[in-house]
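Given the coordinates of chain A, assemble chains B and C with the ligands onto it according to the supplied hints.
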Amino acid sequence: MNAARRNEAALGAVGAVAVVAAWEAVARSGLVDPAIFPAPSAAIVGALTRLPPGEIAGSVAISLLRIVEGFALGAALGIALALASGWYRIFGNLVRPLVEVLRPIPPLAWIPMAIVWFGLGEPSKVFVIFLGAFFPVLTNAYRGVTGVDPVLIRAAQTMDIGGLRLLVRVVIPAAMPDIATGLRVGWGLSFGVLVAAELIAAESGMGFMIMNARQFGDVGVIVFGILLIGACNLATDWGLALLIRRWLGRWHSV
Amino acid sequence: MRRALDRPSVQGAAFLVALLLAWEAASAQGWLRAFAFPPPSRIAEAAVEMVVSGFPEGLRLWTHLLVTVGRILQGFFLAMALAIPLGLVIGRAPVLDAMTAPLVTFARSVATLSLLPLVIVWFGIGELSKVVLIAYGCFWVMLTNTIAAVKYVDPVLVRAARTMDVSGPRLFATVVLPAATPRLLAGARVALGVGFMVIVAAEMIGTIQGLGALIMEARTFYRTDISIVGMLALGLLGIAFTSGLSWLERVLIPWHTGLAGVRR
Amino acid sequence: MALPRAIDAPAAPAKIAISGVTKRYDAAEARPPVLLDVDLDIAENEFVTLIGRSGCGKTTLLNIVAGLVEATSGTVAVDGAPVTGPGRGKGMVFQQHALFPWLTARRNIEFGAKSRGLDPQAAHAEADQLLSLIGLSAYGDKYPNQLSGGMQQRVAIARALALDPHILLMDEPFGALDEITRIEMQDELLRVWQSRRKTVVFVTHSITEALMLSDRIIAMRANPGGIAAEYRIDLPRPRSRADVRLAALHEKLWEHLR
Ligand SMILES: Nc1ncnc2c1ncn2[C@@H]1O[C@H](COP(=O)(O)OP(=O)(O)OP(=O)(O)O)[C@@H](O)[C@H]1O
Ligand SMILES: [Mg+2]
Chain A
31 MNAARRNEAA LGAVGAVAVV AAWEAVARSG LVDPAIFPAP SAAIVGALTR
81 LPPGEIAGSV AISLLRIVEG FALGAALGIA LALASGWYRI FGNLVRPLVE
131 VLRPIPPLAW IPMAIVWFGL GEPSKVFVIF LGAFFPVLTN AYRGVTGVDP
181 VLIRAAQTMD IGGLRLLVRV VIPAAMPDIA TGLRVGWGLS FGVLVAAELI
231 AAESGMGFMI MNARQFGDVG VIVFGILLIG ACNLATDWGL ALLIRRWLGR
281 WHSV
Chain B
216 MRRALDRPSV QGAAFLVALL LAWEAASAQG WLRAFAFPPP SRIAEAAVEM
266 VVSGFPEGLR LWTHLLVTVG RILQGFFLAM ALAIPLGLVI GRAPVLDAMT
316 APLVTFARSV ATLSLLPLVI VWFGIGELSK VVLIAYGCFW VMLTNTIAAV
366 KYVDPVLVRA ARTMDVSGPR LFATVVLPAA TPRLLAGARV ALGVGFMVIV
416 AAEMIGTIQG LGALIMEART FYRTDISIVG MLALGLLGIA FTSGLSWLER
466 VLIPWHTGLA GVRR
Chain C
17 MALPRAIDAP AAPAKIAISG VTKRYDAAEA RPPVLLDVDL DIAENEFVTL
67 IGRSGCGKTT LLNIVAGLVE ATSGTVAVDG APVTGPGRGK GMVFQQHALF
117 PWLTARRNIE FGAKSRGLDP QAAHAEADQL LSLIGLSAYG DKYPNQLSGG
167 MQQRVAIARA LALDPHILLM DEPFGALDEI TRIEMQDELL RVWQSRRKTV
217 VFVTHSITEA LMLSDRIIAM RANPGGIAAE YRIDLPRPRS RADVRLAALH
267 EKLWEHLR
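Going down the list, the protein sequences come from chains A, B and C. According to my numbering, the stretch in the first sequence is residues 31 to 284, in order. According to my numbering, the stretch in the second sequence is residues 216 to 479, in order. According to my numbering, the stretch in the third sequence is residues 17 to 274, in order.
Derived from the structure by calculation, the hints contain no laboratory data. Don't take every hint at face value.
Stated by the list, open to error - Here are the simulated lysine to aspartate or glutamate pairs, DMTMM-like style, with alpha carbons at most 25 Å apart:
1. B/K366 to A/D267
2. C/K158 to C/D180
3. C/K158 to A/D267
4. C/K268 to C/E246
5. C/K158 to C/D144
6. B/K366 to A/E38
7. C/K268 to C/D57
8. C/K158 to C/E200
9. C/K268 to C/D231
Same shape as in the complex, but just chain A (with noise of 0.2 Å):
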């Protein structure tokens, strides 16, 4: 790390310290009530001494659990279907004013119909979540495939390269840096549509654990909770953005 990287951590952390004892003053200082807006040190404390370690791993658990279900599965049919409708013109013409009539309907929006087709039990919660990862996914990996630089394609072709062929080793490379960007927004909305997904009749999760806090009016529990969804996702995107640079970084810059 230089010295340059090294100040820029250092002033961000004078700024995050600054924030978060601006907040434990404003909520010590007795000019709020403490039950609405408690201090920061507060609600982390109460909340871990209410809740036993054990039930908030479990919900982390089963939270990231239906993430990853719905977001794999969202990733997987996202990528293969903006192959399919970037590369093969008659499929692209055919499906994509289908995907234009459904893609601006919001995940959330799908909340009844998911509860009609597949019940109050975990398909309902995955398929949103589902939803959630496959829209940013397939817009971002169409562009991707039909952004390829045509002149690596005719480089190919001069090589020999045609049909199948040409879509794994051309086409899909060249398209990886936005299916990358893709994944990313695709995992953060999986994410951010976690809370909604598990309002649906839930009884586990980290969207269940503050939606119920809110019923005992246990506001320290809500604050650790949307504490901890944050930092889960903060988490584990940095996770992702870290692999996809170790898989990428190399031919692509940033």
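Chains B and C with the ligands only, in chain A's frame:
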């Protein structure tokens, strides 16, 4: 006729119509349950019902639409009004940028919908909560995009302008801002998408007005046909909102031709 | 030395026969076509250079010969068979290097070698040889974005050579090189051409380069694009830049292109 079928849009529309007809036929045959998959004709009837008499009785589609648009626009513009000036300042000041970076990153990672219970405790289940939720989601997206837009303006452009003796506010207005515009537009587009996502969840609580409320409410009355009308209305609304922005984007990147000229 | 075409045309059956090729990118356009009624026969193992102003249709003609772009009318035949698509022994070096950014220099070259059917080991050996030919043995593991413009262009040439095509289409391959490397690469190209015997269609903006390399120089005109004149150069290689006969030709070409 053959010429017409060669047109991509005609092919796509024909496929869509064929799907709808197949769906209708499958319903008529009893292969698809009308409750789970209301046939297109039922959805069309429901749409007419929504326009004429409304659901719940008296709340017409138009009313739901206006309520939803009002909430989105309030939240969206509140966010824009705060995020753009703040982002422009932070993006031009490296120290501020470094100080706020971790906070912004974390705040953006906080799932907007996870704030729902907190916002209810703070602001109740009325209008304010909904607008605050939408504004929160839009704000952080727009802020990060504005910061990046200003920060990553090609330094060559700035240097070129300097050699032409342009600096200060004029540099900002004539070079930095135009160069940042594509990114700002992209940010606004994403923010709008967030707004549309949040509104549905926000309207699930404490209201019977708005498209989000409509689709939830209709299901509890076993009117999935009306739920679908609500979903389609939300989709159309989204298209209307984004088409303005994407038109601007098309004007800004007319060179994007992609694979049009490649033999395959 | 500028002889009428009827006499100048090579006696042997043409390796590449371009006849009546016209190209319009936009059918509705009022401008003259990009290429109008181009006829050109190229003999086996001939080294032909296209030269002409920017925008006169050199890249377009090369793309049509490669089978990458369809002519609006007219035909191109290789060995008597009409060209219907790319591949089949026609290697191409593009004006923009067109390297695959996700492959290292070595892998790019191996990509070419493998697509002609070499097994991985043979492709590796071929890549070694070509890397040393272009003077980049130490850079095999670099990605295109880690190479300079000239290095990228050299790798692109090596990739085309790795195909071992019998026709080599080169679109300003040395345009991005410095003068010294450029002259070295010209010598290398001639060496490869003489040892592996290929039919080369070469595009350049440099009159000197055309004179040093070619059996025949085709001067093109623009609007509509077509052949303005051709010059046969029967001087043995290696040629000297100071040769007075070349100097005279230089004058004539300059007159035509101006
Ligand atoms: N894909 C295309 N669509 C439309 N017009 C094109 C296309 N490619 C080339 N042209 C036009 O055809 C003409 C010839 O272009 P071409 O690239 O063949 O020229 P060139 O002789 O190779 O030029 P240069 O020396 O600058 O590379 C130009 O007027 C150009 O605008
Ligand atoms: Mg050219």
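A quick look at each hint next to the structure:
1. B/K366 to A/D267: Within the cut-off at roughly 22 Å; holds.
2. C/K158 to C/D180: holds (23 Å)
3. C/K158 to A/D267: Since the Cα atoms of C/K158 and A/D267 sit roughly 29 Å apart, the hinted pair is violated (cutoff 25 Å).
4. C/K268 to C/E246: Status holds; Cα separation ~11 Å.
5. C/K158 to C/D144: holds (14 Å)
6. B/K366 to A/E38: Holds. B/K366 to A/E38 sits at ~15 Å (cutoff 25 Å).
7. C/K268 to C/D57: Roughly 22 Å between the alpha carbons, so the hint for C/K268 and C/D57 holds.
8. C/K158 to C/E200: holds (22 Å)
9. C/K268 to C/D231: holds (16 Å)
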